Amino acid sequence: MQTHDLEKRFQEKIDAEIKIEPKDWMPDAYRKNLIRQISQHAHSEVVGMLPEGNWITRAPSLRRKLILMAKVQDEAGHGLYLYSAAETLGASRDDLVMDLLNGKAKYSSIFNYPTLTWADIGAIGWLVDGAAIMNQVMLTRTSYGPYARAMVRICKEESFHQRQGYEIMLTLAKGSPEQKAMAQDALDRWWWPSLMMFGPHDSESTHSEQSMKWKIKRKSNDELRQAFVDATVPQAELIGLKVPDPDLKWNEERGHYDFGEINWDEFWNVVKGHGPCNKQRLDTRRKAWEDGAWVREAAMAYAEKKAARRLQQSGEEAA
Amino acid sequence: MNAETALHRYLLQLGDNALILGHRLAEWCGHAPEMEIDMALTNMALDLTGQARALYQRLAELEGKGRTEDDIAYLRDAREFYNCLLVEQPNGDFAHTMARQFFFDAYNYALHKNLMQSSDEWLAGFATKALKEITYHLRFSSEWVLRLGDGTETSHEKMQQAIDDLWMWRHELNIPSEAETTLAGAGVIPDPETIKSETEQKVKEILTRATLDTPQDDWAQKGGKTGYHTEYLGYILAEMQFLQRAYPGLEW
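If you read the sequences in order, they're chains A and B. With the numbering used here applied, the first sequence corresponds to residues 1 to 319, in that order. With the numbering used here applied, the second sequence corresponds to residues 1 to 252, in that order.
There may be inaccurate statements among the hints.
Claimed, not checked - A few chain B positions that, by computed beta-carbon distances, are all more than 10 Å from chain A:
| # | residue |
| --- | --- |
| 1 | N2 |
| 2 | E4 |
| 3 | D77 |
| 4 | G125 |
| 5 | K132 |
| 6 | Q160 |
| 7 | E200 |
| 8 | L207 |
| 9 | T214 |
| 10 | D218 |
| 11 | A220 |
| 12 | T226 |
Claimed, not checked - Below, a list of computed lysine-lysine pairs in the DSS-like style, where the Cα atoms sit at most 27 Å apart:
| # | chain 1 | residue 1 | chain 2 | residue 2 |
| --- | --- | --- | --- | --- |
| 13 | B | K202 | A | K306 |
| 14 | A | K305 | B | K204 |
| 15 | B | K204 | A | K306 |
As the list claims (entries may be wrong) - Chain B stretches covered by chain A per the calculated footprint, using a threshold of three residues with CB under 8 Å from any CB of chain A:
| # | region |
| --- | --- |
| 16 | 22–36 |
| 17 | 149–159 |
Since the hints were derived computationally from the structure, they do not count as laboratory data. These figures come from a predicted structure and were not determined experimentally. No residue lacks a Cβ here, since even glycine has one placed at the ideal position from N, Cα and C.
Work out the full structure: start from the sequences and follow the hints.
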C-alpha cells in the first residue's frame, strides 16, 4: 500500500474515534510527536517529585507526612507508566532518561519553582495538579490507546491529590493569621506559573494544530487555561484567598472569567533554563543517576551470574 | 520499673525505631539509583511511619494524658527518644542504607514473628499486621545485600564497607532494655534471647550467601534505648519538628 493511502486510512480511523494501538501503522511524525509528549509528561512526573519531596521530612503531622509520601510515590508510579507507554512506540526508557539528563528533553516548567513553605505543598496539589488534571482529563480521550489508558488511571490519582492539596490550603486559610498569610503567599507565587502550565497562546503554539488534527490533543491551550481559571477562582473565594490578578473579573456575556495577561518573558525564560531551580533540579536528577550507576551495574551483574549458575546447574543435572 | 511504665516505654522504643528509620528512608525520595528503588524505599518509609503512628496512638490511649500521636512525635526532645542508634545513622551510599535496613529488618522480622504470640492482645494484633510489611522489607533488603555483595567488584567492596561500618550499631537491637526485661519476664514480649538467635542466624545466612565477611568485633555501640543518642538525632528532630516548634499549637 502506498504511504498516502496508509495515511488516509490512519486519519479515517482517527476521525472515526478508533484508538491507534502500538502495532498499527502510524505516520512517523505522529509517533515522534507522541514520544516527545509522553516522555515530557513522564519527565515532569519524575522531576515533580523533587519540589514536593523537599517537604516530606518537614511535614507538620504524621498524617500529612503519610499523605505526602504516598503522593510523591504515586508520581513515581505515573512516571513509570508513562515511560512504558512511550516504550510501546519504540522508544527506550534509558534513552529518554538520558535526553532529560543532558537537557535535550523538556519537562513542565512549573517544577523549576521552589517550595519555600508548607503552604506550597497545598498550592501544588490544588493548583498544579488541578491544572494538570484539565490537560489529563482531555488526554483520557487521546487517539493513542496506551496513552489514553495510562491517563485514566493517572487522572483518578491526580484528582485525589488535588483534593488533598486544597484541603491543606483550607486548613491553613482557616488557621492562625500566620497560616493564612502562608496560604495567601503560596497562592500569590503559584498562580501565574500554574496558568503558564497550559503553554503559549494557541496562536503561538508550534505543535498544537497537527496535534488537534490527530486528536492527540482535543482542546487548545487557551481553552484549557480558561476552564482552569473558571474552576479555580470560586475555590479560592470559598476559602477566603485572593487570586493575585487585578484584571480578574466575571464576564457575564462570555460566561467566563476575564483574566490578565501572563508574563510571557518569564515563561520563555524558565523554558530556556533560567528559572529559579532549573539547574538545581537537573543537577539533582543527574546526581541520582550517576551515584546510582554502580548499583544498577551490580544488579545486572548479579542477575547474569544467577542465570549462568542456573544454566550450569541444569547442565550438570542433564549430564 | 513496673509493667505499666515498661509497656509505655516499649511502645516508644518500637514507635521511635519506626519513625526515625522511616524519616531516613524518606530522605531518599527522588534521589534513588532507579525509579523502582525510589518507590520501594518510599513504600517502606510509608509502612514504618504508619507503624509509628499506630504505636503512638496506642500509647496516647493507654497513658490517657490527652497527648496525641503528633504531640508524641513532634514535641519530645532527643533525650526522650528511645530508638536504637542504628536507625538514626545517616543514609550514606545505597550500600549503607541497605546494610542498615537489613540489620534492622532481620531483627524486626524475628521480633514481630514472635510478638504475634504476645499476651497483650493489642501488641499481638499490631505484630500480625506489621509482619506483612516487615516481611517485604526484609526480602527487599536481603536481596540488595545479595546483589551488591555478589554483584561487581565495586559493589562488593562498598557492601563490605557498609557492613563493617554499621556492625557496631546493630547489636543494641538485641540487648534488652529494662522495659524489655520486665515485659519479657511477664510474658508480654518474646524472650530477647530467642529474637537474638533468630536475628543472628538470618544475618549470617545472608552475609555468607552474599560472599561477604562477617566482622569479628562484637563490641556494641549502645545508648538509644535509654535516650543517649548520636549527634545525628538532634538534626533529624530539628528538621522533622520544625513547623510544630515554629508555630506551636496549631492545626495543620
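Given as non-interface: G125 (chain B), which should sit over 10 Å from chain A by C-beta: The assertion about G125 (chain B) holds, with a minimum of 20 Å to chain A.
Are all beta-carbon distances from D77 (chain B) to chain A longer than 10 Å? Label holds. Min Cβ-Cβ 17 Å, cutoff 10 Å.
With d taken as the least Cβ-Cβ distance between D218 (chain B) and chain A, does d exceed 10 Å? holds (28 Å)
Quick check for students: does the CB of T214 (chain B) sit more than 10 Å from each CB in chain A? holds (20 Å)
8 Å C-beta test of the region 149–159 of chain B against chain A, three or more residues: holds (count 6)
Going by Cβ atoms, does E4 (chain B) stay more than 10 Å from chain A at every point? Answer for E4 (chain B): holds, closest chain A Cβ roughly 24 Å.
Non-interface claim for T226 (chain B), where every Cβ of chain A lies beyond 10 Å: Label holds. Min Cβ-Cβ 25 Å, cutoff 10 Å.
Classify the label on N2 (chain B) as holds or violated, using whether its beta-carbon is more than 10 Å from each beta-carbon of chain A. It holds; N2 (chain B) is separated from chain A by about 29 Å at its closest Cβ, greater than 10 Å.
Pairwise hint evaluation, K204 (chain B) against K305 (chain A), where the allowed Cα distance is 27 Å at most: holds (22 Å)
So K132 (chain B) supposedly isn't at the interface. Is its beta-carbon more than 10 Å from every beta-carbon in chain A? holds (17 Å)
For the region 22–36 of chain B, do three or more residues have a beta carbon lying closer than 8 Å to a beta carbon of chain A? The restraint on the region 22–36 of chain B holds, since 11 of its residues have a Cβ under 8 Å from chain A and three suffice.
Does A220 (chain B) really sit off the interface, with its C-beta more than 10 Å from all C-beta atoms of chain A? Since the minimum Cβ distance to chain A is about 28 Å, A220 (chain B) lies beyond 10 Å and the statement holds.
The structure agrees with every numbered hint stated previously.
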